[in-house]
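> What follows is the residue order along each chain.
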Amino acid sequence: MTVTEDRAETAPKAEVGQARRRKEDQRLITGRTKWTDNIQLPGMLHLAMVRSPFAHARITNIDVEAAKASPNVVSVLTGADVADEQGGLPNAWPITPDQVTPNHPSIAVDRVTFAGEIVAVVVARSAAAARDAVELVDVDYEELPAALDLKEAAEDKVLAHPDLGTNKSALWVFDSETAGSGSGVDAAIEAARDGGIVIEREYRQQRLIPAFMEPRSCVVDPTGDQIVVWTATQIPHILRFLMAAVLGYPESKIRVIAPDVGGGFGGKLQTTPEEWITFMAARRLGKPCKYTESRSESLIAAHHGRDQWQKLTLSAEKDGTVTGLKVELLADLGSYVALMGGGVPVLGAFMYNSIYKFPAYQFNCQTVLTNKTWTDAYRGAGRPEATFAIERIMDELAAEVGVDPMAIREQNWITHEEFPFTSVAGLEYDSGNYEAATEKAKKMFGYDALRAEQEQRRASEDPVQLGIGISTFTEMCGLAPSRILGALDYGAGGWEHASVRMLPTGKVEVLTGSSAHGQGHETAWSQIVADRLGVPFEDVEVLHGDTQIAHKGMDTYGSRSLVVGGEAVIKAADKVIEKAKVIAAHLLEASVDDLEFSGGRFGVKGTDQGLAMAEIALATFAAHNLPDGVEASLDSDATFDPVSFSYPHGTHLCAVEIDTETGAVAMRKYVAVDDIGTIVNPLIVEGQVHGGLVQGIAQALWEEAVHDDAGTLVSASFVDYLVPTAADTISFDTAHTTSPSTTNTLGTKGVGEAGCIASTPAVVNAVVDAIRHFGVNDVQMPCTPARVYKAIHQQDQGGETPTPGGAAPHFDEADVADRSAGATDGAAAQAGDHQ
Amino acid sequence: MTKIEVTVDGDVYTDDVEPRMLLVHYLREKIGKVGTVVGCDTSNCGACTVHLDGTSVKSCNVLAVQADGHEVTTVEGLAVGGELHPVQKAFHECHALQCGYCTPGMIMQSIDLLNDNPSPSEDEIRNGLEGNLCRCTGYHNIVKAVQQAAGASSSEPIAAGSSAGGAA
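Chains as they are written, first to last, in the numbering used here: chain A, 44 to 878; chain Y, 2 to 169.
Just chain A, with the same shape it has in the complex:
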């Protein structure tokens, strides 16, 4: 006992918890990177896409002769050329058995269904030659009416796919009464209408674009026995399986490599037409082929996210105690049902009730086909939408009751004594402490002082008003227990795989099936394995992103890597220890039961005899003296299937200043206290939080995919799609509380999406809070100055002193009138006018 304690004192500091600088950085800061577009192979050909300018049209003729005759053009492919081999791009998650799912060709054959769909492909000896020849492909279209507005599309006024007879793809329902996890929501609402509180709101989740920095790129080399696919993807393993399944090629003959991948945020959680086309072109021509998209192509044709109308009905007792929540969603799928497709809003189904003790809950989601770019996962995928809606409406409840919005939350949330807690949506939250996170956040924020300042500014009618926004969020992540995915009709499992290989020199190779694209797996996994095996951090090499090396996996999304993939690594490492223990006992001539493993060394209890892991690795490699029947390998595999989702939570507080004379919103302070359980690397965690915050803030204030009346995406470049810059953002105050998860070894929870999920409602709540005294109870996202201005001045008909025409002689009168009304587009009319 004493010996062990002494050793513990001298043992190296645990790696888990240390702010290790990342192993990945060296190559990234010196430009020694392996992006897909860097790849050059002998004889490589380049692809460029001819894309539809129309949202919905019949293709009547395609003349490719001029393009074929263009210098250095090798081939031009149309949908008709590949109709028999291209199959359809897969939807892995048909959310209902009767889901209406249009076939999704990689090259349109006779009809285009959104502006940007591929109608022909030019293959040439250089990328420039291919792009030049794209201009020479002459396509005749017969324009068809397009289903563009989500609400109108839901009424089947214009059909996105006339042959399907409806735009309604699937209706997915969860009802707590039916599920047995709660009571009936309609009864709760009816009861509240008589003497209680009923709040009905409709919120708009605008369409967003993931806008990862590395445009998608794909290289396919068909010249070996195996076809090798390099692609900027989050999901090399899933892609390999689906390519084989859809294109009818043996899975064992396909190798997929995700080299350095420049961000994803869900945007590369996809199997794309461009990957299919590059694969088909390479197979047909027998030469390596590359396709790299332009930024405009990326914004037009890589999938979009969000795009929902959210109708909520909340019932409460007169004192603000919640009694029921009913959610009715319309979710825009775009023109096809993408890989996750309708599963994205369904991932939000279990989160609208959030941290609050609703006794009754119902969720209805109607997915709808339109003639727009298909939507799919974007950071948070379903859960940001849910969190936004519940956190917004809890503020409305507080306003109705007349109490501080934090008080209404405290009144209704799950207290820390109540964990584990089974929610009305049927999920068991393992751990959490909303009180602790909130207390810490309020202290860091200076909550009471800011509330006092807000009062003072209101009283003095300061033209700059202060708003305070709260988001006490939780989310479900760590996708996902396979049995639950099965019950939800998802087409695969949610496990993750890892291997730990002991090299004879004592170095360790870790193979992980979760493929990183910026998250720092190489560093974090090294920390975990260093602690587990007692080897130096530097001696661990993490390999991933190649189906021939890390041969098995479910890839990276849904904040799953650490809580699922990391747990697989731990389990594999533990198997190594168990195998090594038998050999160590043999070599030490001791009983296995007399050995203890600590600090990378097997010691015989009560003696100073022992062997280090590296010594056993070498002895195993030599295999001169192994016990009978023991294999000469310590290498071990593990596949971990989580028993539960992961439930990080936190309290985010945001202060904004609003210039009531211009509608401009300036962020003053943002505090994020997140409880993500045990932290492996605080530096990486902070980075995930910061990046997530800005993406969520960007939804609240800046970003929106805007289409014109013809269905053309007009925000199709970084000139118009407002990814925020350093000058738009502020530095954040972040901290943590720790309620370790009880469902994995280290007690970790996912963090990849938390910031993005939490921040959007915090910001919009702050905006509304700043101007609620003007009679405002909503501003539609993004909260542009025009929308904020209009919301403030809705009751005084456009401001006390409308801008006189002469003051702005360079504008025409109509323009001036429009500006003084604060309108920028049709959607702005929604602001403050949504009930």
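Treat the hints loosely; a few may be bogus.
Claimed, not checked - The calculated DMTMM-like cross-link candidates involving lysine to aspartate or glutamate, where the alpha carbons are at most 25 Å apart (straight line), are:
id, chain 1, residue 1, chain 2, residue 2
1, A, LYS485, A, GLU584
2, A, LYS111, Y, GLU84
3, Y, LYS90, A, GLU584
4, A, LYS77, Y, GLU84
5, A, LYS595, A, ASP362
6, A, LYS712, Y, GLU123
7, A, LYS712, Y, ASP124
8, A, LYS77, Y, ASP42
Stated by the list, open to error - Below, a sample of chain Y positions facing chain A; criterion: calculated Cβ distance under 8 Å:
id, residue
9, THR15
10, VAL35
11, ALA48
These aren't lab readings, by the way, just hints derived from the structure by calculation.
Glycine included, C-beta positions come from ideal geometry on N, C-alpha and C.
Put chain Y on the given structure of chain A with help from the hints.
Just chain Y now, with coordinates in the frame of chain A:
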């Protein structure tokens, strides 16, 4: 085709290029400097930022022929003798990168910013990096890295950017 002679990261290259070829494509496709990347078509993102005669330019916005007779420094030419540039070090220390795609441009622009203003305020840093987009970090740690590099350069004789500018 037009003949050009360009010094890139200290080495002289002579090539025939199409007059329309962009400097970034020249760097990537002709001479294999793939550390510099393309992120957009509209000179908004700054991922392709390099130094032309010691000053930052977006290499998607410069023709290769315009670099004829000039000196270009890319992210690959910053570390001298295996020693990282102070700004590279600061990006690593402050975790100012995640996926790393914007990083080459962000580092080159940060060096240029510090060359112009060795002791920038947070606002000056944020405005100085406005032409470079990052989707991962939320800029928080990038700002910290530039602050740290500024601090390091004020206490050390080697000013941030001097080794990069050294080619000029």
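> Give a verdict on every hint.
Hints and how they fare:
The straight-line distance between the Cα atoms of LYS485 of chain A and GLU584 of chain A is roughly 42 Å, outside the 25 Å bound, and the hint therefore fails. For the proposed pair LYS111 of chain A and GLU84 of chain Y, the alpha carbon gap of about 51 Å is over 25 Å, so the pair is violated. Annotation: proposed proximity of LYS90 of chain Y to GLU584 of chain A holds, straight-line Cα distance about 22 Å (limit 25 Å). For the proposed pair LYS77 of chain A and GLU84 of chain Y, the alpha carbon gap of about 22 Å is at most 25 Å, so the pair holds.
Restraint check for LYS595 of chain A and ASP362 of chain A: the C-alpha separation of about 54 Å exceeds 25 Å, so the hint is violated. Among the hinted pairs, LYS712 of chain A with GLU123 of chain Y is consistent with the structure: their alpha-carbon atoms are about 15 Å apart, no more than 25 Å. Taking the CA atoms of LYS712 of chain A and ASP124 of chain Y, the gap is about 15 Å. The hint holds against a cut of 25 Å. Between LYS77 of chain A and ASP42 of chain Y, the direct Cα distance comes to roughly 21 Å. Compliance with the 25 Å bound is thereby established for this hinted pair.
Taken as an interface hint, THR15 of chain Y does not check out: its beta carbon lies about 20 Å from the nearest beta carbon of chain A, beyond 8 Å. Contact between VAL35 of chain Y and chain A, as hinted, is supported at the beta carbon level, the nearest pair being about 4 Å apart and thus within 8 Å. The beta carbon of ALA48 of chain Y comes within 6 Å of a beta carbon in chain A, closer than 8 Å, and the hint placing it at the interface holds.
When the structure is compared with the earlier hints, violations turn up for hints 1, 2, 5 and 9 and for no others.
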